[in-house]
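Participant: Using the sequences provided together with the hints, build the complete structure.
First to last, the protein sequences are chains A, B, C, D, E, F, G and H. Counted from 1, the first sequence has number 181 at position 181 by this note's numbering; the numbering is strictly sequential. Counted from 1, the second sequence has number 196 at position 196 by this note's numbering; the numbering is strictly sequential. Counted from 1, the third sequence has number 75 at position 75 by this note's numbering; the numbering is strictly sequential. Counted from 1, the fourth sequence has number 204 at position 204 by this note's numbering; the numbering is strictly sequential. Counted from 1, the fifth sequence has number 46 at position 46 by this note's numbering; the numbering is strictly sequential. Counted from 1, the sixth sequence has number 21 at position 21 by this note's numbering; the numbering is strictly sequential. Counted from 1, the seventh sequence has number 190 at position 190 by this note's numbering; the numbering is strictly sequential. Counted from 1, the eighth sequence has number 53 at position 53 by this note's numbering; the numbering is strictly sequential.
Hints in this document: simulated from the structure, not taken from any laboratory. Incorrect hints may have been included.
[What the hints assert, rightly or not] Stretch-level coverage of chain D by chain F, calculated; a stretch enters the list once three of its residues show a Cβ under 8 Å from a Cβ in chain F: (1) 147-159; (2) 192-198.
[Claimed, not checked] Selected chain E positions facing chain A (in silico; Cβ < 7 Å): (3) S58; (4) P59; (5) A63; (6) A67; (7) I121; (8) V162; (9) G165; (10) T182; (11) A192; (12) V198.
Ideal placement from N, C-alpha and C gives every residue a C-beta, glycine not left out.
Protein chains: 8
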Amino acid sequence: MVPNGVTDLGFARIDTDRQQRRGLPEVIYCPGKTAGQIVKIMEALKQAGQNVLASRISPEQAAEVKAAFPKAVHHEAARAVTIDVVDLPAPHGLVAVVAAGTSDLPVAEEAALVAERMGAIVDRFFDVGVAGLHRLMQHIDTIRRAHAVVVVAGMEGALPSVVGGLIDKPIIAVPTSVGYGTNLRGISALLAMLNSCVPGITVVNIDNGFGAGVAAAMINRTAETK
Amino acid sequence: MVPNGVTDLGFARIDTDRQQRRGLPEVIYCPGKTAGQIVKIMEALKQAGQNVLASRISPEQAAEVKAAFPKAVHHEAARAVTIDVVDLPAPHGLVAVVAAGTSDLPVAEEAALVAERMGAIVDRFFDVGVAGLHRLMQHIDTIRRAHAVVVVAGMEGALPSVVGGLIDKPIIAVPTSVGYGTNLRGISALLAMLNSCVPGITVVNIDNGFGAGVAAAMINRTAETK
Amino acid sequence: MVPNGVTDLGFARIDTDRQQRRGLPEVIYCPGKTAGQIVKIMEALKQAGQNVLASRISPEQAAEVKAAFPKAVHHEAARAVTIDVVDLPAPHGLVAVVAAGTSDLPVAEEAALVAERMGAIVDRFFDVGVAGLHRLMQHIDTIRRAHAVVVVAGMEGALPSVVGGLIDKPIIAVPTSVGYGTNLRGISALLAMLNSCVPGITVVNIDNGFGAGVAAAMINRTAETK
Amino acid sequence: MVPNGVTDLGFARIDTDRQQRRGLPEVIYCPGKTAGQIVKIMEALKQAGQNVLASRISPEQAAEVKAAFPKAVHHEAARAVTIDVVDLPAPHGLVAVVAAGTSDLPVAEEAALVAERMGAIVDRFFDVGVAGLHRLMQHIDTIRRAHAVVVVAGMEGALPSVVGGLIDKPIIAVPTSVGYGTNLRGISALLAMLNSCVPGITVVNIDNGFGAGVAAAMINRTAETK
Amino acid sequence: MVPNGVTDLGFARIDTDRQQRRGLPEVIYCPGKTAGQIVKIMEALKQAGQNVLASRISPEQAAEVKAAFPKAVHHEAARAVTIDVVDLPAPHGLVAVVAAGTSDLPVAEEAALVAERMGAIVDRFFDVGVAGLHRLMQHIDTIRRAHAVVVVAGMEGALPSVVGGLIDKPIIAVPTSVGYGTNLRGISALLAMLNSCVPGITVVNIDNGFGAGVAAAMINRTAETK
Amino acid sequence: MVPNGVTDLGFARIDTDRQQRRGLPEVIYCPGKTAGQIVKIMEALKQAGQNVLASRISPEQAAEVKAAFPKAVHHEAARAVTIDVVDLPAPHGLVAVVAAGTSDLPVAEEAALVAERMGAIVDRFFDVGVAGLHRLMQHIDTIRRAHAVVVVAGMEGALPSVVGGLIDKPIIAVPTSVGYGTNLRGISALLAMLNSCVPGITVVNIDNGFGAGVAAAMINRTAETK
Amino acid sequence: MVPNGVTDLGFARIDTDRQQRRGLPEVIYCPGKTAGQIVKIMEALKQAGQNVLASRISPEQAAEVKAAFPKAVHHEAARAVTIDVVDLPAPHGLVAVVAAGTSDLPVAEEAALVAERMGAIVDRFFDVGVAGLHRLMQHIDTIRRAHAVVVVAGMEGALPSVVGGLIDKPIIAVPTSVGYGTNLRGISALLAMLNSCVPGITVVNIDNGFGAGVAAAMINRTAETK
Amino acid sequence: MVPNGVTDLGFARIDTDRQQRRGLPEVIYCPGKTAGQIVKIMEALKQAGQNVLASRISPEQAAEVKAAFPKAVHHEAARAVTIDVVDLPAPHGLVAVVAAGTSDLPVAEEAALVAERMGAIVDRFFDVGVAGLHRLMQHIDTIRRAHAVVVVAGMEGALPSVVGGLIDKPIIAVPTSVGYGTNLRGISALLAMLNSCVPGITVVNIDNGFGAGVAAAMINRTAETK
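Facilitator: Below, the structure written as structure tokens:
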């Protein structure tokens with residue numbers, strides 16, 4: 001017995017109502033799934049008329065998916081694969097994605113990709129960490145124009161506080177697992193962001209570019225669809 | 001030598017530019033300060049033409065502040081004192097503040113108060129925890145109409161996920177230290193919120209109603225001032 | 001010198017009295033054991049007239065066991081192998097096994113399998129996480145009919161609280177290591193379950209479907225054998 | 001706007017349906033509440049025709065409650081106050097409550113009290129810790145006759161494993177914060193219980209006698225009301 | 001039997017050689033000591049011809065010490081009392097002490113005091129946190145002239161990284177316990193400092209202004225006494 | 001410049017005095033060392049007239065060592081290799097090594113081996129965990145005769161408390177990393193042992209059979225060489 | 001129904017067989033007990049012909065106990081009260097108790113007292129921490145003569161390793177909660193001791209002088225009673 | 001748009017001003033980078049006229065770099081590759097690098113290498129751990145002559161305290177991840193160093209030889225360039 005708005009695959013039941021209820025379709029988190037399972041879920045989503053986004057996909061998984069769906073697009077930097085069945089929302093508004101170091105790029109690109117797919121125009125500002133503040137200062141007036149700002153940083157996680165002290169827009173901080181030893185796989189950066197002396201900064205799980213992109217796009221949509 | 005935009009009190013240097021740079025004035029966090037220090041900082045903020053908000057104020061501190069500034073308003077439920085020197089922003093938009101249990105109220109009221117002072121109209125939905133879902137369901141359509149939703153919960157911190165699964169608006173989750181034993185003074189609720197299976201939920205520090213209110217008001221302002 | 005009720009294999013001493021004392025025979029936990037050791041213990045259990053259950057068995061280990069005991073059954077979804085020497089208890093009563101996401105399935109299936117082998121009739125409700133409550137609500141009246149309910153969830157671990165708030169039966173919550181970053185390999189879900197605002201929920205170790213199945217079957221047996 | 005099954009006190013909304021939905025009424029957790037608030041909630045519960053249980057009540061709170069409700073009963077050992085408005089369930093079945101040391105008594109008594117109020121006949125076995133096994137062995141045959149066994153222990157939390165190895169009934173283990181230093185306020189005992197080598201033991205939050213009592217009574221009720 | 005360079009007080013054996021071996025005399029850490037014990041140790045140090053520094057002294061302890069030694073100086077901001085028996089080293093070199101917020105002042109003043117007593121000229125730069133970078137930038141050229149820089153910060157502990165990215169001098173970072181919730185009594189700030197993306201920053205224990213002052217003074221002394 | 005009692009290998013300086021100072025020669029901890037380095041250190045120890053013990057050696061490392069020193073003995077169960085240059089101490093006294101489960105054997109055998117090499121006669125009691133107390137009880141009178149008892153256990157680490165409550169001899173508890181999930185790689189067992197309600201139990205690092213064997217042998221030697 | 005070897009006080013059941021089974025009588029741990037309860041347990045122990053030791057007693061509890069039992073002895077430095085009913089064992093052998101700093105004295109004295117009551121002659125070496133090694137070196141030859149050495153240290157917990165590197169006797173390390181910030185109430189010292197590079201050091205719970213004294217006395221007794 | 005002092009590689013923006021601002025050029029941290037990326041960054045640094053240092057390089061990465069830049073030097077013990085484009089600073093002053101065990105060598109060599117490249121003359125003292133104090137004592141007078149001392153240790157991390165108690169120079173302590181079990185991958189050593197009873201010791205991240213070398217070289221430079 002399968003309720004409305006649910007497609008039952010045996011090993012997974014797809015929540016096909018989610019696009020309507022939440023404003024974005026269900027997404028496929030790839031780690032721990034076989035390429036075969038990913039392909040099956042993609043097929044079900046397509047048949048339900050929903051756009052497909054597979055996140056944290058490995059190069060090997062992506063290759064198998066591409067073989068099954070030649071029109072699938074592999075976003076290597078963002079570690080994602082997409083298949084478009086219906087039109088994406090028209091680009092609107094502005095989201096800024098700011099990243100501290102080159103190792104933070106995969107997480108930042110994931111945030112940018114999902115925000116774009118939810119309709120946001122995205123500006124990227126990468127490798128602007130606090131060790132060289134002049135790199136950030138050069139861009140601060142542009143960043144201030146966005147409806148929402150995603151700030152990605154590992155190690156000591158200081159960048160959101162520095163950006164936050166300079167602008168008046170909602171900031172979503174993303175800690176990354178970049179670092180070693182007492183970085184505790186990203187917990188140090190997470191704690192720094194949660195304890196920011198700048199009020200109004202909000203935080204997502206370690207390496208969770210996806211969630212940050214969704215949050216920024218929701219804010220951007222709110223700003224544009226009043 | 002004191003830079004522009006800074007008032008030097010000896011024991012504190014007030015960042016009087018913050019209203020312009022960040023859209024809200026500097027706030028006085030009361031724990032660990034004497035009533036005398038609080039009064040002095042309030043005096044300096046007033047002289048700089050800035051509205052005053054003192055957070056986490058104790059009843060004893062509040063009484064001394066009221067003696068010094070008879071026009072000060074004590075918001076007991078929110079554990080705050082305010083003094084208005086200039087007009088607050090005109091009420092606009094909508095922010096929802098949702099709280100799981102009665103013990104979460106002080107944190108929820110703090111969020112509501114700061115959002116109101118930054119211009120948001122605020123709707124409160126309290127004591128709607130997941131142990132009795134019907135209490136939440138009754139209000140979900142109203143909650144969905146807000147530009148931003150603050151969800152406050154202690155113990156297992158499940159409420160943001162449940163609310164988040166039902167609406168398409170930005171959610172700021174506030175873990176509280178309510179609970180005992182393995183609640184680890186709020187860390188359990190924090191971890192639950194960071195690991196929500198609903199993408200787009202963002203999180204602030206434990207008991208940080210203030211930060212959640214600022215974030216919600218910034219989103220609300222973004223939505224209203226396009 | 002080997003006491004009664006113990007079979008000494010050199011590297012292991014099998015507690016052959018356990019069936020009588022505890023109502024279930026000793027079980028073989030496979031990680032860290034060689035296939036050869038597993039086969040030897042199985043042989044000893046069989047010779048002692050005891051049914052065999054090997055848990056957390058890898059596909060490679062299972063293949064070698066099957067080669068040694070052609071009548072062995074490999075339960076892939078539950079990552080287990082069984083060999084029946086004596087009759088299992090006749091199916092009786094009812095246990096419900098509820099799981100939040102598809103990644104939680106191996107743990108849920110392990111719980112279901114062991115409960116079945118201890119005589120319980122088992123109903124499975126999978127992929128009914130809190131991000132889409134309608135999927136759960138559809139089944140809640142059926143779940144309420146069980147003598148005991150096993151609820152399996154990773155990430156924020158909210159499902160047991162939501163189920164628990166709706167029924168009046170004993171709930172055994174099983175946190176899984178599903179998630180990343182601050183999920184801390186399942187500790188976040190565990191903490192959420194221990195801090196549930198719904199009284200009466202009890203919890204087992206992370207990924208411990210086996211223990212949850214035993215507990216549920218013991219309750220089911222108690223209910224049926226008064 | 002207050003939904004059916006909810007009484008709105010302003011600072012709390014009482015879930016008056018809970019007795020029917022869950023089989024026990026809402027309970028008042030006293031820490032952090034004023035005696036005045038406790039009295040008000042009790043009044044509301046009474047008016048809704050529900051029996052009252054206030055847990056973790058301090059002697060001072062209890063005295064004020066007794067002044068307001070002369071018929072209230074103060075269970076000192078269990079740190080609880082009860083007021084009976086309707087008849088309690090008739091005593092039936094059997095629950096055993098086993099405690100390791102004298103310092104574990106308040107938690108054990110809380111478990112026993114709530115189980116009794118939910119209709120269970122309760123046998124108590126206190127100060128039978130593993131340092132003197134003969135004290136436990138003397139009672140093991142009696143303990144084995146219960147439908148469910150609550151085992152309370154602090155420090156190394158070994159008692160549930162020892163009891164569990166000897167009987168075939170569901171065991172609910174309650175870690176207590178008894179101990180010092182590396183007991184980590186009960187986390188050591190909790191971890192020991194979660195890692196028990198005896199399958200089927202389930203665990204509740206530290207010092208959560210209340211939750212253990214509810215779980216045991218639910219099992220007992222299941223066993224008796226088939 | 002008391003070795004050379006040791007004075008035996010029964011409850012304490014004073015290492016009177018330490019001035020010669022380490023370049024600073026033994027210091028009295030006051031928490032947990034009675035005023036009477038503090039006075040006795042001070043007496044012994046004086047008789048050994050050593051200057052006295054009592055750290056983390058409470059106002060009550062300080063009052064009793066002042067009664068016993070009228071020439072003792074109470075440094076309230078630094079929470080210390082000193083008595084000079086021999087001349088302090090002549091002031092030389094330059095140490096900068098930088099603090100993020102007003103709540104960090106006691107720790108910063110302790111660092112400044114001990115550095116001064118070891119001969120350093122000290123410049124103080126207080127309340128220059130990252131939420132208002134312009135306050136720091138105003139002073140950065142002066143800070144750069146010091147032989148060693150102590151940077152004190154609580155909450156997210158970002159200030160050392162920002163200062164460190166701008167100068168080429170040794171930086172000693174001091175995390176403070178300022179903050180709440182996930183600040184974990186200073187561990188968040190500590191972790192941030194240990195994970196700084198700016199190489200060459202070293203860190204001391206939480207709130208350990210004393211150790212930071214000693215380290216800075218040793219560097220300053222090294223620079224000046226070549 | 002190499003002091004007396006030290007052999008300098010460039011990458012290691014062997015403390016050849018240790019036998020005399022501590023009563024056992026320096027030991028080679030193999031993880032992270034190449035087989036070549038192990039062979040070189042062995043050669044140096046042999047030339048210094050010292051017996052060789054290499055601990056935690058892998059089968060691959062052991063094979064290379066055997067090729068270099070055909071008289072070397074590989075103790076597989078204890079994961080060690082020994083080479084005897086001088087006579088071992090004559091066997092004397094008695095040490096008991098007790099282990100809870102078969103997975104704890106490598107650690108238990110390491111303890112037994114090192115104790116034997118330091119002169120202790122060793123009795124082994126394996127697979128006597130608390131889930132089946134009758135297996136332990138059978139041997140308790142023999143165990144009581146030892147001068148020192150090593151008790152090895154993973155998971156909930158309850159065995160040392162149970163043994164300790166029954167005998168009056170020094171007990172050295174060894175937690176192992178056996179288990180999963182909340183066993184936290186042995187920390188749960190360690191905490192249980194440190195919090196034992198039986199006074200006089202002492203504890204070593206997780207999986208540190210070597211240290212436990214040394215401690216037991218030192219006690220045994222003390223008892224025998226008065 | 002009270003088994004042999006147990007005295008039932010209602011709130012406590014005293015294990016009067018323990019002297020015979022374990023070689024020391026049951027001890028009263030005072031924190032959390034009322035003076036009245038302590039007096040009652042003492043009375044029961046006395047009537048069972050057992051010597052009394054109450055540990056961690058507060059000055060207020062001690063005063064009430066002294067009022068009830070004028071012959072009771074209050075050992076202030078060890079925070080203990082004793083009452084002797086039968087003769088203590090004749091002093092024999094030698095135990096050394098070594099402590100790093102003056103703040104570690106209460107723990108060290110507790111270890112010394114209990115060892116003395118179990119018959120050990122005890123030598124004390126206090127305030128010999130690693131910051132001034134010459135203080136330790138002066139005594140090392142005396143320490144080496146003991147059958148067992150208790151080493152007490154807080155902060156970085158380095159003293160056991162330094163002592164252990166110099167002698168060939170069993171060492172029991174006791175971490176204390178002395179320190180602040182990252183000392184984590186003694187966990188830092190505990191971890192240091194568990195990770196000692198000197199094999200054969202064993203460790204007890206934080207501040208557990210009592211357990212260390214028992215372990216040392218058991219070793220001493222083993223050495224003397226061969 | 002690329003600011004002055006920044007070279008934009010697409011995946012990285014090199015801070016070519018850093019040499020001037022901080023006194024050392026940007027360094028390439030190799031883990032997680034492909035050999036191709038490392039080569040590209042090296043090329044950019046060379047073209048900007050900056051000396052190259054690649055840290056934590058694997059043998060495989062080093063081989064590819066050597067193939068691309070035949071003049072590159074592979075420092076195997078320090079796990080680094082360097083390419084010199086301009087003259088290094090003339091050797092001056094003195095830095096001592098002290099390491100406890102042979103497993104700590106890679107970290108110690110990294111510290112020594114970077115200090116040398118920043119102009120310091122470096123003396124190395126390896127394998128002088130606290131288990132054999134005589135090995136350290138032999139060298140203490142030489143160590144005392146350095147301007148700054150780097151002390152590297154894993155396990156219990158006691159060496160910095162012992163060295164620090166004997167000299168009057170700035171000490172930078174480097175915890176290493178050497179050890180197992182409760183060493184917690186270096187956190188035990190880190191905690192010990194942060195809690196040293198010797199004031200003035202400062203600490204860097206686990207295994208962070210690079211940062212320690214920079215800090216020591218900065219102190220050395222300060223001392224030499226007054």
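Participant: Hint by hint, note whether the structure agrees.
Facilitator: Taking the hints in turn, this is what the structure says about them:
1. Against chain F, the segment 147-159 of chain D contributes 4 residues with a C-beta closer than 8 Å to a partner C-beta. That satisfies the three-residue criterion, and the hint holds.
2. Residues of the segment 192-198 of chain D with a Cβ under 8 Å from some Cβ of chain F number 7, which satisfies the need for three, so the listed coverage holds.
3. Contact between E/S58 and chain A, as hinted, is not supported at the beta carbon level, the nearest pair being about 28 Å apart and thus beyond 7 Å.
4. Interface restraint check for E/P59: the shortest CB-CB distance to chain A comes to about 29 Å, outside 7 Å, so the restraint is violated.
5. Interface hint status for E/A63: violated, as the beta-carbon distance to the closest one in chain A is roughly 35 Å, over 7 Å.
6. With a cut of 7 Å, the hint placing E/A67 at the interface with chain A is violated, because the nearest CB-to-CB distance is about 41 Å.
7. Taken as an interface hint, E/I121 does not check out: its beta carbon lies about 28 Å from the nearest beta carbon of chain A, beyond 7 Å.
8. Of the supplied interface hints, the one on E/V162 holds, with its beta-carbon coming within about 5 Å of a beta-carbon of chain A, less than 7 Å.
9. Given hint, E/G165 at the interface with chain A, holds; its Cβ is 4 Å from that chain's nearest Cβ, closer than 7 Å.
10. For E/T182, the shortest C-beta to C-beta distance to chain A is roughly 5 Å, which falls under 7 Å, so the interface hint holds.
11. For the restraint placing E/A192 at the interface with chain A, the shortest Cβ-Cβ distance is roughly 4 Å, inside the 7 Å limit, so the hint holds.
12. About 5 Å separates the beta-carbon of E/V198 from the nearest beta-carbon of chain A, less than 7 Å, and the hint is met.
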